[in-house]
Amino acid sequence: MDPITESLSRTPLHDLHVELGAKMVPFAGYEMPVNYPAGILTEHLHCRAAAGLFDVSHMGQVRLQAESHAAVAGALERLCPADFVGLQPGRQRYSFFTDTQGGILDDLMVSRLVDDRRGDHLFMVVNAACKVQDLSHLRANLNHRCEITELADRALLALQGPLAGAVMARLAPESAAMTFMTAGHLRIGGIECIATRSGYTGEDGFEISVAADQATELARLLLAQEEVKPIGLGARDSLRLEAGLCLYGNDITAATTPVEADLSWAIAKRRREQGGFPGAGQLQRQWQEGTARKRVGILPEGKAPARAHTEIADSSGQVIGEITSGGFGPSVNGPIAMGYVATTQAAAGTSVQLLVRGKALPAKVVALPFVPHRYRRG
Amino acid sequence: MSDLRYTKDHEWVRIEGDTVTVGITPYAQEQLGDVVYVELPEVGRKVEQGKEMAVVESVKAASEVYAPVSGEVLEVNTVLSDAPATVNEDAQGKGWFVKLKVTDSKQLDGLLDEAAYKALSDGH
Numbered sequence: 154m155d156p157i158t159e160s161l162s163r164t165p166l167h168d169l170h171v172e173l174g175a176k177m178v179p180f181a182g183y184e185m186p187v188n189y190p191a192g193i194l195t196e197h198l199h200c201r202a203a204a205g206l207f208d209v210s211h212m213g214q215v216r217l218q219a220e221s222h223a224a225v226a227g228a229l230e231r232l233c234p235a236d237f238v239g240l241q242p243g244r245q246r247y248s249f250f251t252d253t254q255g256g257i258l259d260d261l262m263v264s265r266l267v268d269d270r271r272g273d274h275l276f277m278v279v280n281a282a283c284k285v286q287d288l289s290h291l292r293a294n295l296n297h298r299c300e301i302t303e304l305a306d307r308a309l310l311a312l313q314g315p316l317a318g319a320v321m322a323r324l325a326p327e328s329a330a331m332t333f334m335t336a337g338h339l340r341i342g343g344i345e346c347i348a349t350r351s352g353y354t355g356e357d358g359f360e361i362s363v364a365a366d367q368a369t370e371l372a373r374l375l376l377a378q379e380e381v382k383p384i385g386l387g388a389r390d391s392l393r394l395e396a397g398l399c400l401y402g403n404d405i406t407a408a409t410t411p412v413e414a415d416l417s418w419a420i421a422k423r424r425r426e427q428g429g430f431p432g433a434g435q436l437q438r439q440w441q442e443g444t445a446r447k448r449v450g451i452l453p454e455g456k457a458p459a460r461a462h463t464e465i466a467d468s469s470g471q472v473i474g475e476i477t478s479g480g481f482g483p484s485v486n487g488p489i490a491m492g493y494v495a496t497t498q499a500a501a502g503t504s505v506q507l508l509v510r511g512k513a514l515p516a517k518v519v520a521l522p523f524v525p526h527r528y529r530r531g
Numbered sequence: 020m021s022d023l024r025y026t027k028d029h030e031w032v033r034i035e036g037d038t039v040t041v042g043i044t045p046y047a048q049e050q051l052g053d054v055v056y057v058e059l060p061e062v063g064r065k066v067e068q069g070k071e072m073a074v075v076e077s078v079k080a081a082s083e084v085y086a087p088v089s090g091e092v093l094e095v096n097t098v099l100s101d102a103p104a105t106v107n108e109d110a111q112g113k114g115w116f117v118k119l120k121v122t123d124s125k126q127l128d129g130l131l132d133e134a135a136y137k138a139l140s141d142g143h
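Taken in order, these protein sequences are the chains called A and B.
Mapping the first sequence onto our numbering, position 244 (from 1) lands on 397, and the numbers just tick up by one.
Mapping the second sequence onto our numbering, position 103 (from 1) lands on 122, and the numbers just tick up by one.
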């Protein structure tokens, strides 16, 4: 066996991916499908036209629980600048762990679930590449305040696209009542799942947590629906980039604050004012005084893609920033990118140059997203 | 009668007298995935064997295409500008990249024949 793959983990759907002809690559310590025989372009376009099924089981799933919602939410608020205390049952929020400098340690999704078996608890999904550090972070800080359980025996699937709702309504009628950023227990084809109506593509869709030993059965059921095709991580990246969504490790890191990253919208007003999370002082300073740089969309004017780490220069050739994610957007049929530029140059419409292979390629700062979001709101 | 040769970097080379047509092999395009952009050299540019001559980009990454022999760029396939997917559809035909005037014909002898190239790409 190849020594590299020997140390990689596999998700519960590994054998299914191989059966479907996926090209498997290492990602965050896992063997993951980057694409299936259809290829990245076709998979991306299919997701925006119909429905795509993604295996995201490499991501971390965590349950947090205490003697009451107020207690567990209050505990988590010590690490995240969100309003979790006010989170209603069946609702989900996007947030992040911050460090003492206000930098971002990971971004994550938190849902409040109330069920017969477990009672009132929080269900969290974190990035694969950070899950070990995230669990340590939670345990080091909150061990005495709440129960922290890594749900290592669960898989995570994402069903995304304009027809995802119709597929789910057929298989789990209660899902039809769910709107964007809600969460609940569903039986899909008789299989018990935790589902949220959210995702990482900008399309309507669901993220579905299921017991590992039922994951393949669920995946086959969803793939049997005529609207649904399997989609790999390659298209997942082009979809999220078109949607203007950050990739941790590229667009947001410990060296970027949520203010610089244009994610202040995810920080509740009460938290802005009262702080009580790591780095609150630094963020308050940034809201007061502004930031030196800002995350923006970058649209190359030609056909050449500009990838991560490409320098961004102003019209005089002075370097003013850097691309943090860049590639090709199949739905816009051209190159797209995201990066940070000096705040003085961050207005949409600003002309910039991208330094690619020794050439200065013209581009413009643009507002995100590149493709409008189509979430199912109330 | 044209003569088809290959490089270890998965380029094909069609020899026609003292000019060659160069592209990437069907194996290479399959490994790359969907091609979204091709950067071709300017006509008249002098290229050196083994050095970068063109760039081919898939959705995920950029890959270099190396000059199989030293020479001068006579013509480039402008079709690829608007239709980069031609590289995937017909890598060894309509998806050609560059035509070169060969400066040292001895370098052609060092290229792989079909059998040698097949052994190389089958081993992957």
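Don't read these hints as lab results, they were simulated from the structure.
Predicted, not measured: the structure shown is a model, and the values here were computed from it.
We treat Cβ as the ideally placed atom computed from N, Cα and C, and that holds for glycine.
Careful: at least some of the hints might be erroneous.
Unchecked claim - If you want the ones that stay clear, here's a sample from chain B, every Cβ over 12 angstroms from chain A, calculated: (1) D22; (2) L23; (3) G36; (4) Q50; (5) V57; (6) E67; (7) E71; (8) S77; (9) E91; (10) L93; (11) S100; (12) Q126; (13) A135.
Said to hold, decoys possible - List time: in silico DSBU-like cross-link candidates among lysine-lysine, alpha-carbon distance up to 35 angstroms: (14) B:K113 <-> A:K517; (15) B:K120 <-> A:K456; (16) B:K137 <-> B:K118.
Hints, one by one, checked against the model:
no., hint, in the structure
1, D22, "32 angstroms, holds"
2, L23, "26 angstroms, holds"
3, G36, "32 angstroms, holds"
4, Q50, "9 angstroms, violated"
5, V57, "9 angstroms, violated"
6, E67, "17 angstroms, holds"
7, E71, "9 angstroms, violated"
8, S77, "8 angstroms, violated"
9, E91, "21 angstroms, holds"
10, L93, "23 angstroms, holds"
11, S100, "7 angstroms, violated"
12, Q126, "25 angstroms, holds"
13, A135, "25 angstroms, holds"
14, B:K113 <-> A:K517, "33 angstroms, holds"
15, B:K120 <-> A:K456, "28 angstroms, holds"
16, B:K137 <-> B:K118, "23 angstroms, holds"
When each numbered hint is compared with the structure, violations occur for hints 4, 5, 7, 8 and 11.
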